[in-house]
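**Student:** With the hints as your guide, set chain P onto chain G.
Keeping their order, the protein sequence lines are chains G and P.
Everything in the first sequence is counted per the numbering used here, starting at 313 for the first residue and increasing by one.
Everything in the second sequence is counted per the numbering used here, starting at 313 for the first residue and increasing by one.
In case anyone wonders, no lab produced these hints; they're calculated from the structure.
All clues given are correct.
No copy labels: a pair is met if it fits in one copy or bridges any two.
Result set (DSS-like, lysine-lysine): computed pairs, CA atoms no more than 27 Å apart in a straight line: (1) Lys741 to Lys486; (2) Lys636 to Lys672; (3) Lys602 to Lys486; (4) Lys349 to Lys741; (5) Lys672 to Lys495; (6) Lys636 to Lys661; (7) Lys672 to Lys486; (8) Lys692 to Lys602.
There are 2 protein chains.
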Amino acid sequence: MSEKKRRAGAGAAAGGSASKKPRVSSAASYAESLRSKLRPDASILATLRALASACSKSEPAGASSSSKALAEDDPAANYIVVADQDSASVTSRINRLVLAAARSILSGRGFSFAVPSRASSNQVYLPDLDRIVLVRRESARPFANVATARKATITARVLSLVHAVLRRGIHVTKRDLFYTDVKLFGDQAQSDAVLDDVSCMLGCTRSSLHVVASEKGVVVGRLTFADDGDRIDCTRMGVGGKAIPPNIDRVSGIESDALFILLVEKDAAFMRLAEDRFYNRFPCIILTAKGQPDVATRLFLRRLKVELKLPVLALVDSDPYGLKILSVYMCGSKNMSYDSANLTTPDIKWLGVRPSDLDKYRVPEQCRLPMTDHDIKVGKEMLEEDFVKQNEGWVKELEMMLRTRQKAEIQALSSFGFQYLTEVYLPLKLQQEDWI
Amino acid sequence: MSEKKRRAGAGAAAGGSASKKPRVSSAASYAESLRSKLRPDASILATLRALASACSKSEPAGASSSSKALAEDDPAANYIVVADQDSASVTSRINRLVLAAARSILSGRGFSFAVPSRASSNQVYLPDLDRIVLVRRESARPFANVATARKATITARVLSLVHAVLRRGIHVTKRDLFYTDVKLFGDQAQSDAVLDDVSCMLGCTRSSLHVVASEKGVVVGRLTFADDGDRIDCTRMGVGGKAIPPNIDRVSGIESDALFILLVEKDAAFMRLAEDRFYNRFPCIILTAKGQPDVATRLFLRRLKVELKLPVLALVDSDPYGLKILSVYMCGSKNMSYDSANLTTPDIKWLGVRPSDLDKYRVPEQCRLPMTDHDIKVGKEMLEEDFVKQNEGWVKELEMMLRTRQKAEIQALSSFGFQYLTEVYLPLKLQQEDWI
Numbered sequence: 313m314s315e316k317k318r319r320a321g322a323g324a325a326a327g328g329s330a331s332k333k334p335r336v337s338s339a340a341s342y343a344e345s346l347r348s349k350l351r352p353d354a355s356i357l358a359t360l361r362a363l364a365s366a367c368s369k370s371e372p373a374g375a376s377s378s379s380k381a382l383a384e385d386d387p388a389a390n391y392i393v394v395a396d397q398d399s400a401s402v403t404s405r406i407n408r409l410v411l412a413a414a415r416s417i418l419s420g421r422g423f424s425f426a427v428p429s430r431a432s433s434n435q436v437y438l439p440d441l442d443r444i445v446l447v448r449r450e451s452a453r454p455f456a457n458v459a460t461a462r463k464a465t466i467t468a469r470v471l472s473l474v475h476a477v478l479r480r481g482i483h484v485t486k487r488d489l490f491y492t493d494v495k496l497f498g499d500q501a502q503s504d505a506v507l508d509d510v511s512c513m514l515g516c517t518r519s520s521l522h523v524v525a526s527e528k529g530v531v532v533g534r535l536t537f538a539d540d541g542d543r544i545d546c547t548r549m550g551v552g553g554k555a556i557p558p559n560i561d562r563v564s565g566i567e568s569d570a571l572f573i574l575l576v577e578k579d580a581a582f583m584r585l586a587e588d589r590f591y592n593r594f595p596c597i598i599l600t601a602k603g604q605p606d607v608a609t610r611l612f613l614r615r616l617k618v619e620l621k622l623p624v625l626a627l628v629d630s631d632p633y634g635l636k637i638l639s640v641y642m643c644g645s646k647n648m649s650y651d652s653a654n655l656t657t658p659d660i661k662w663l664g665v666r667p668s669d670l671d672k673y674r675v676p677e678q679c680r681l682p683m684t685d686h687d688i689k690v691g692k693e694m695l696e697e698d699f700v701k702q703n704e705g706w707v708k709e710l711e712m713m714l715r716t717r718q719k720a721e722i723q724a725l726s727s728f729g730f731q732y733l734t735e736v737y738l739p740l741k742l743q744q745e746d747w748i
Numbered sequence: 313m314s315e316k317k318r319r320a321g322a323g324a325a326a327g328g329s330a331s332k333k334p335r336v337s338s339a340a341s342y343a344e345s346l347r348s349k350l351r352p353d354a355s356i357l358a359t360l361r362a363l364a365s366a367c368s369k370s371e372p373a374g375a376s377s378s379s380k381a382l383a384e385d386d387p388a389a390n391y392i393v394v395a396d397q398d399s400a401s402v403t404s405r406i407n408r409l410v411l412a413a414a415r416s417i418l419s420g421r422g423f424s425f426a427v428p429s430r431a432s433s434n435q436v437y438l439p440d441l442d443r444i445v446l447v448r449r450e451s452a453r454p455f456a457n458v459a460t461a462r463k464a465t466i467t468a469r470v471l472s473l474v475h476a477v478l479r480r481g482i483h484v485t486k487r488d489l490f491y492t493d494v495k496l497f498g499d500q501a502q503s504d505a506v507l508d509d510v511s512c513m514l515g516c517t518r519s520s521l522h523v524v525a526s527e528k529g530v531v532v533g534r535l536t537f538a539d540d541g542d543r544i545d546c547t548r549m550g551v552g553g554k555a556i557p558p559n560i561d562r563v564s565g566i567e568s569d570a571l572f573i574l575l576v577e578k579d580a581a582f583m584r585l586a587e588d589r590f591y592n593r594f595p596c597i598i599l600t601a602k603g604q605p606d607v608a609t610r611l612f613l614r615r616l617k618v619e620l621k622l623p624v625l626a627l628v629d630s631d632p633y634g635l636k637i638l639s640v641y642m643c644g645s646k647n648m649s650y651d652s653a654n655l656t657t658p659d660i661k662w663l664g665v666r667p668s669d670l671d672k673y674r675v676p677e678q679c680r681l682p683m684t685d686h687d688i689k690v691g692k693e694m695l696e697e698d699f700v701k702q703n704e705g706w707v708k709e710l711e712m713m714l715r716t717r718q719k720a721e722i723q724a725l726s727s728f729g730f731q732y733l734t735e736v737y738l739p740l741k742l743q744q745e746d747w748i
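Excised from the complex, chain G in its bound form (with noise of 0.2 Å):
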């Protein structure tokens, strides 16, 4: 078949443009001849399956992964790390906070929320966990009190919100939240700022409120799961994917015969991998949040690492934000590090592209873009940060980038041909066991 589509393109190409002859540079022949390097699939799957079966060891068994072991272990840890709960159990915490402040109330002491800091400098990296967790310090929040009286108010109203939301057994957006009390909340900061003190202090992760974000992300390939009890199978879906439902507590019942999770950065290549149902000859699921990743893909990809304990590989551009991407899948952003536990999947593979592919798959120079100065002021930044520090392939990947100043996009590869992605670059990098 490849043999088949060569010729096809060739044909095509001469067809095409009549005016010149075909050109084919040393870089595509170069390119062209890896195709010769492949071994049969079943080879490859081989290797495949090897990788996932060690993965799926390497993990404790049970949904609770070594990184929720933290706060279980020991809840008054020096750490915040909140956890999914259930609507009964979020809104009797809800009643016990309520109950204290009637109590006080009545006990003539008025009433006070005790909030845990979410300050920056509150902030911090545990290389033990590989995430950025919230160290716990806690201050007042009382209402007889000029300063915090108008806070403590909205913090019991966002709680009574919440409380309604559980009840009546739906999700709402944070936008939905702020407009129920626009008058108290003045703008939306407010109310979002105090959400998430609001799940810090019960201990629960802002899905388990039922406040969700907005989604982003599609997933296509090996994969069935039920959507709010609609049986979704991802080998089905078309070309377009599944959107990735913005309230993970409503899915359920995953299961999978893959071997690996492709988490891509783009919607292009995506596009590409659906398109060539990728998922077909090389069983696994392609997830993507289309650029930056938010908290539902995020949600999402973690349970499947965790329900499957399949192998994360990466596929995203070769330069500072590819890398930048990865670190919020593995580490989290700081704005929402007490939740961290929830968000992120440790042990994802950078696969490619990567800044020695470039030359290794002679990847054309006019294809390869000038780094600009703020992209290595990124790139210097990456190389200080403790999740890079810690993998020594990482660390000389990112100094080549540097070195060389040089960046690629994933579709840079198709100067090799449209379907060079699919059909040459990840069937030999996954041969190869080439990621890091």
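**Tutor:** Chain P alone, transformed into the frame defined by chain G:
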């Protein structure tokens, strides 16, 4: 059921904010009183059935709507209107073009392409068609001329690439196309521009060239279709919905028992409607492009409208941008004017949220936002647009917006309860046939 929910809501409010008495503002109680105005669903459904039946009669039979007739009746018309073509037809058009160039070269005259001008001075709004179209005015692009040699080469190259893509039966993005010959194209703006030229030269849509845009839109509701052969039932897509496919030509077998299409501006409102399974109460298809409409969503909406002949009701923010979004769906954007026949959906009804709704539904003052100077400028510009001028109701609403200098988001309705949108506002709108 609504009674039960009301009680649950009241109970939650009392339980949640222990420090305050349940507060019922007059706006909220009025909002709640509207619930009693609702007739039984059967009665509202009868209204919708009448609407759907009127809509299907008003359109001519067959897939080709009146808006396409222009190009088909008179190919030498004064306007360029491209049409969807299958791969074989596009391929043979390219062959003819290239053959003509070859003959011209062999006869010693070199070669030249006749390229329609896409300059904005060439783009006009046709009231009869209610769309922006391109005036037919071609310029020569000879290869043997220093000024046009490069562009003629790029044109030949793009024709060749499109030919190759069509022969392979795949779809690619504009970015992929650019990367196949960075050296020649220089930057993506050039290959993109020539792609639009090629589209006009061949008289076919960009999606007929198999060059697709990235997808943003999602759909749920009473709709089934095939995406690349996979049967999709949009009532079984959970809360997340089905991602609208980037390549409309892979969509087939569209079937529906819906009575109308509900076009939603924003993700949050879409989520509310999906979670509440609004389409089960009032059979409809719900879709959103999550803000500014992308090409894939516009193509998809048009296909639904043309094949199903359903009325389209729009739910957008009450601000100038809400109206602007409607204008893009209805009349197209200026830089794609040559493709407006395939991208636009005429006769969309403005259901809400309309400026007059703010008082009618007594949306609290604090949930309305003051219009900025920029908002007012955009609003005044919209007032000058032909497509607004045509509809007296729209003019009045827009004038009211500019007079009151107030805008409001769809979510402002959340101030009456998270499900007010789906339980009261929309049913009442449908019952009262309150669209313009």
